[in-house]
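Student: Here is what each chain is made of, one letter per residue.
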Amino acid sequence: MDTHAHDRRRFLTLTAAAAAAPLLTACGAGFGGDDQQGDGSAADDVTGSFDWKREQGTTVKALLNKHPYTDALVADLKAFTEQTGIKVEYDVFPEDNYFDKLTVDLSSGRASYDVFMLGAYMVWQYGPPGWLEDLGPWMSNSSATDGDWDQGDFFPNLLQADQWSLKAGAPLGQGGQYALPWGWETNVVAYNTEVFGKLGLKPAETFDELRELASAIKKKAPGAGYDGMYGIAVRGSRSWATIHPGFMTMYARNGLRDFTVDGGKLTPAMNTPQAVAFTEDWAGMVKQGGPPSWTSYSWYQCSSDLGAKKAGMLFDADTAAYFQAVEGASPASGRIAFHPGPKGPDGSLATNMWIWSLGMNAKSKKKSAGWLFLQWATGKEHLRRSAVTHNHIDPVRKSVSQDAAYKDKMRKLPGFLETFETVVDQTRIQFTPQAQFFDATTSWAAALQEIYGGQGAKSVLDDLAGDLADKVD
Amino acid sequence: MGLRLALRPYVLIVPALLLTCGILYPFGLGLYYTLFDFSASKPQPDMVGFENYRTVFTQEAFWNSAWVTVLYAVGAAAVETVLGVAVALLLHRSSVVGRILEKILILPLMIAPVIAAIIWKLMLQPSVGVVNHLLEPVGLGGVQWTDTPTGALLSSIAVDVWVYTPFVAILALAGLRSLPTSPFEAAAVDGAGWWYTFRRLTLPMLWPYVLVAVIFRFMDSLKVFDIIYALTEGGPGDSTVVLQIRAYLEAIRFQRYSFGISYTIVLWAVVYLAAMVLVRHLGKIQRRAAEVTR
Numbered sequence: 000m001d002t003h004a005h006d007r008r009r010f011l012t013l014t015a016a017a018a019a020a021p022l023l024t025a026c027g028a029g030f031g032g033d034d035q036q037g038d039g040s041a042a043d044d045v046t047g048s049f050d051w052k053r054e055q056g057t058t059v060k061a062l063l064n065k066h067p068y069t070d071a072l073v074a075d076l077k078a079f080t081e082q083t084g085i086k087v088e089y090d091v092f093p094e095d096n097y098f099d100k101l102t103v104d105l106s107s108g109r110a111s112y113d114v115f116m117l118g119a120y121m122v123w124q125y126g127p128p129g130w131l132e133d134l135g136p137w138m139s140n141s142s143a144t145d146g147d148w149d150q151g152d153f154f155p156n157l158l159q160a161d162q163w164s165l166k167a168g169a170p171l172g173q174g175g176q177y178a179l180p181w182g183w184e185t186n187v188v189a190y191n192t193e194v195f196g197k198l199g200l201k202p203a204e205t206f207d208e209l210r211e212l213a214s215a216i217k218k219k220a221p222g223a224g225y226d227g228m229y230g231i232a233v234r235g236s237r238s239w240a241t242i243h244p245g246f247m248t249m250y251a252r253n254g255l256r257d258f259t260v261d262g263g264k265l266t267p268a269m270n271t272p273q274a275v276a277f278t279e280d281w282a283g284m285v286k287q288g289g290p291p292s293w294t295s296y297s298w299y300q301c302s303s304d305l306g307a308k309k310a311g312m313l314f315d316a317d318t319a320a321y322f323q324a325v326e327g328a329s330p331a332s333g334r335i336a337f338h339p340g341p342k343g344p345d346g347s348l349a350t351n352m353w354i355w356s357l358g359m360n361a362k363s364k365k366k367s368a369g370w371l372f373l374q375w376a377t378g379k380e381h382l383r384r385s386a387v388t389h390n391h392i393d394p395v396r397k398s399v400s401q402d403a404a405y406k407d408k409m410r411k412l413p414g415f416l417e418t419f420e421t422v423v424d425q426t427r428i429q430f431t432p433q434a435q436f437f438d439a440t441t442s443w444a445a446a447l448q449e450i451y452g453g454q455g456a457k458s459v460l461d462d463l464a465g466d467l468a469d470k471v472d
Numbered sequence: 000m001g002l003r004l005a006l007r008p009y010v011l012i013v014p015a016l017l018l019t020c021g022i023l024y025p026f027g028l029g030l031y032y033t034l035f036d037f038s039a040s041k042p043q044p045d046m047v048g049f050e051n052y053r054t055v056f057t058q059e060a061f062w063n064s065a066w067v068t069v070l071y072a073v074g075a076a077a078v079e080t081v082l083g084v085a086v087a088l089l090l091h092r093s094s095v096v097g098r099i100l101e102k103i104l105i106l107p108l109m110i111a112p113v114i115a116a117i118i119w120k121l122m123l124q125p126s127v128g129v130v131n132h133l134l135e136p137v138g139l140g141g142v143q144w145t146d147t148p149t150g151a152l153l154s155s156i157a158v159d160v161w162v163y164t165p166f167v168a169i170l171a172l173a174g175l176r177s178l179p180t181s182p183f184e185a186a187a188v189d190g191a192g193w194w195y196t197f198r199r200l201t202l203p204m205l206w207p208y209v210l211v212a213v214i215f216r217f218m219d220s221l222k223v224f225d226i227i228y229a230l231t232e233g234g235p236g237d238s239t240v241v242l243q244i245r246a247y248l249e250a251i252r253f254q255r256y257s258f259g260i261s262y263t264i265v266l267w268a269v270v271y272l273a274a275m276v277l278v279r280h281l282g283k284i285q286r287r288a289a290e291v292t293r
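Top line first, the protein sequences correspond to chains A and B. Numbering-wise (numbering that gives the first Met the number 0), the first sequence opens with residue 0 and increments by one. Numbering-wise (numbering that gives the first Met the number 0), the second sequence opens with residue 0 and increments by one.
If you're looking for bench data, these hints aren't it; they were derived computationally from the structure. As the structure is a computational prediction, the values presented were derived from the model and not from experiment. Accuracy of the hints is not assured; some may be wrong.
Partner residues aside, some chain B positions facing chain A, computed with beta carbon under 10 Å [stated by the list, open to error]:
1) 40
2) 60
3) 125
4) 144
5) 148
6) 230
7) 235
8) 247
9) 253
10) 254
11) 255
12) 290
Backbone N, C-alpha and C fix where the C-beta goes; we use that ideal spot for every residue, glycine too.
Required output: the full structure, derived from the provided sequences and hints.
Tutor: Shown next as structure tokens:
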């Protein structure tokens, strides 16, 4: 009796305790990374004249994120297989856990996927450990790359955004090309034209005007028949993704930086007096004119609220508004217009961006076939088809952005083309490249929530800067 | 024949041995990794001894997370226990309604906690959520449930309570149904009231079952990740960043593997110690319950 009771107790203790360690299993992949890169590139092995059928019969595995751009790609894969004889097997994961899946897969050192989607910010995390293939040698090898691929047709700021020397603080556009731009999103203001018309409002040209506008809509719109409408939808969840769209765009337009770089040393700059004042104003704008329960707001809630006529404006990715604006998509369809958003004090329209890029696993055993896939997916023909017949709406290629059929399609959305053309040259990554990007921006989002909750902006941002100074050192 | 007989005991323990190795290998490997500075930016790490643990214990973020974790675990386990036992006592009275409710009660347990958290996140949404809509007639329609540190923690505990109270209720109900009837019959003959019978008979005999439920719920709540991550992602600020979320962020999101695993090892030690204390206490309670039935 005693023995059994004792065994049962021990079993309970051990079971309860052992169950605490699931993360250990997830991390049990071994010291899988390898920072020893070979001198030569696999691209050097490709010789002779270029041939799309060079890897006929090969199967390439792709990891994709669930996105309308992905839908356009998947719908066109048959054309790729017909052109090359290469079959593409793919897995699609929702964005919430896509990057965790990709990170774990790449860090394991295996080649489960030959090619994958990633953001330009991920280059800063995946590049230094040597997980990404440098595509530069492939691009410059005429045996491996089709002469019609036309590197010069990409918007230069997009191509440069995926190019980095892997040194913290070093500007983008130098070093290896670790991914290719495939689809992107620029952060601008979208607004409900019906509400603006009824209340006699016009889009804000300065940040002060934007704050006043957001507050005015929240006060007046419910009385004008828009029950529960607030002024402006911006992201607020405790995630890195809260910082990069509207917040970073307005921050950059005010001439502010996340870090200063001096002699290769990074110093956090989000606690300078100007940055503190701006952050206080941003939190104030959200309080006066933002959504209730803002601290849980991701792009999804922001976008949905614009479509559901709960938000008068949205300061986020243009795609987040586009998918609410197209005919029949939401109650606000046909009543959403686009505007570049407020200018900075010096008239700056510096805009931050998100780039869905395509990269190749450095451990892939099928790099030649993978490169053919990347070329095709970022090529003129596929991207034009995706833009015209699907919803690949922000072209990474100049030729597609000037295509008559594309322009006809996008002209139906008031202000979209004008906004795109106004900000495209000033849209670039406004963050300082460094490997601790996700830690820095997650902590920044948490700090923003604390300021929104009433804590002093200066002390919160001083703490943030102090914490980050040690991490990026 | 003799050899087969001699080998049989060893063959029989093979599954248990494999299971043990399957648990201990990643655990041991994780423990080993914490002695290095293994991260994405340092894939060929150096041995740093106990430096990761020193850093964990000197970080303000760790103590904040430890405090939030304890608050969450104690709060959730306490409310679930009280509610679970109360529900079990109500269902113990045999009736048609009781039998129907018994079946309905287990429904939340069939929903994955992360799904439950997402459903509650939508229901607690201030402008379109059903909770504020229902509270509007009594003047409480404007509550922003997860926007303040206290509100976010209480909302997370509330979701945990919604999902797991049935678990406690079912364990307590099973306990109630297995209690011997003779002490209750004797008490009835002696004219003992409901409260006296509950305090002197039901509760002491039920305690071992309740404590088993408490052990499971407290251990589980210390390890919580899904409910809080889906509901608040640890916010606002750091107010709901429990130890598991901190470990996830460090090891997976920020790719500081060794440091993230150190958090998990510390959490494992906390859970182990708590389990040891509670299980030891369970033995005493069991002996006391046995004395009541004599």
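Student: Going by Cβ atoms only, is residue 290(B) closer than 10 Å to chain A?
Tutor: Nearest chain A Cβ about 15 Å off; hint violated.
Student: Against chain A, with CB atoms and a cut of 10 Å, does the hint on residue 253(B) hold up?
Tutor: At about 4 Å, which falls below the 10 Å cut-off, the nearest Cβ of chain A leaves the hint on residue 253(B) intact, so it holds.
Student: Given a cut of 10 Å on the nearest C-beta pair, is the interface hint for residue 40(B) held or broken against chain A?
Tutor: It holds, given that the least Cβ distance between residue 40(B) and chain A is near 5 Å, below 10 Å.
Student: Quick check on the hint: residue 148(B) CB to chain A CB, less than 10 Å?
Tutor: holds (7 Å)
Student: Just to be careful: measuring from the Cβ of residue 247(B) to every Cβ in chain A, is the smallest value less than 10 Å?
Tutor: Holds - the Cβ of residue 247(B) comes within 10 Å of chain A, reaching about 7 Å at its closest.
Student: Tell me if residue 144(B) is really an interface residue toward chain A, meaning its C-beta lies closer than 10 Å to one of theirs.
Tutor: Hint holds; residue 144(B) Cβ to chain A Cβ min 7 Å, cut 10 Å.
Student: Checking hints one by one. Is residue 235(B) an interface residue toward chain A, by the C-beta closer than 10 Å rule?
Tutor: Constraint on residue 235(B) satisfied, holds at 4 Å.
Student: So, residue 60(B) near chain A? Judge it on the closest CB pair being under 10 Å.
Tutor: holds (8 Å)
Student: Could you check if residue 255(B) really has its C-beta closer than 10 Å to a C-beta on chain A?
Tutor: This interface hint holds because 8 Å falls under the 10 Å limit.
Student: Let's test the interface hint: is any C-beta of chain A closer than 10 Å to that of residue 125(B)?
Tutor: Where the cut-off is 10 Å and the nearest Cβ of chain A is about 4 Å from residue 125(B), the hint holds.
Student: Tell me if residue 230(B) is really an interface residue toward chain A, meaning its C-beta lies closer than 10 Å to one of theirs.
Tutor: holds (8 Å)
Student: Is the shortest C-beta separation between residue 254(B) and chain A less than 10 Å?
Tutor: Holds. Min distance 7 Å.
Of the numbered hints given earlier, the model fails hint 12 alone.
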